[in-house]
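Build the full structure now, drawing on both the sequences and the hints.
What follows is the residue order along each chain.
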Amino acid sequence: DTGVSQDPRHKITKRGQNVTFRCDPISEHNRLYWYRQTLGQGPEFLTYFQNEAQLEKSRLLSDRFSAERPKGSFSTLEIQRTEQGDSAMYLCASSSQGAVGELFFGEGSRLTVL
Amino acid sequence: RKEVEQDPGPFNVPEGATVAFNCTYSNSASQSFFWYRQDCRKEPKLLMSVYSSGNEDGRFTAQLNRASQYISLLIRDSKLSDSATYLCVVSSRGNEKLTFGTGTRLTIIP
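Quick note, the sequences are listed as chains A and H, same order.
Counting in this note's numbering, the first sequence runs from 1 upward without gaps.
Counting in this note's numbering, the second sequence runs from 1001 upward without gaps.
Rather than coming from a laboratory, the hints here were simulated on the basis of the structure.
Computed from a predicted model, the values in this text were never measured in an experiment.
Just so it is clear, CB atoms sit at the ideal spot from N, CA and C, and this is done for glycine as well.
No incorrect hints appear here.
What follows is a list of derived Cβ distance ranges for each label pair:
#, chain 1, residue 1, chain 2, residue 2, range
1, A, 73, H, 1005, 33 to 39 Å
2, A, 52, H, 1012, 44 to 50 Å
3, A, 14, H, 1018, 46 to 52 Å
Here is the structure:
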């Protein structure tokens, strides 16, 4: 399967714990995005990378959230000191430069904070 | 005001009917427009881009009205398989960030 893969698919954690999600984009794609989606809402932009550079980060993203893409390939999204409001589906997407608007999404990582 | 606004629906439409959705955007600098489709419990997928001159892909027609800052999606001869949530998406010139609307839920009834 050469699509975008995310791991883990489901994560249940207790409030206050740290969680980390991993995303492996389509190999030839240099852009990688993180979005968050809650029930009944569209995907909400969190951040995006071009190669290893983080080019934009949502103002909605608190200091508890951090994302990295150290070698321009896979990316991680870490949430520290999780809160119940962090419960959501975390979607990763990738795209190739020049293909504006065509994001390929992974199946997402569902986070439940108890 | 949200950057991208859609009527969340649900729209319940009989099979074979024509259905249309509108979406409005607030940023006049928005340059690129798209419709994505999201099936229940699945990831969003690009349905079609929206061009200034309007464009058609089979039973689907997308239109852009820059003066009024809205885009539309028309589905003709609707099929049961068209049941999904349709997400309106915009981006600004030079900005690779795509902003999604809330989505409009469509159910096609046999």
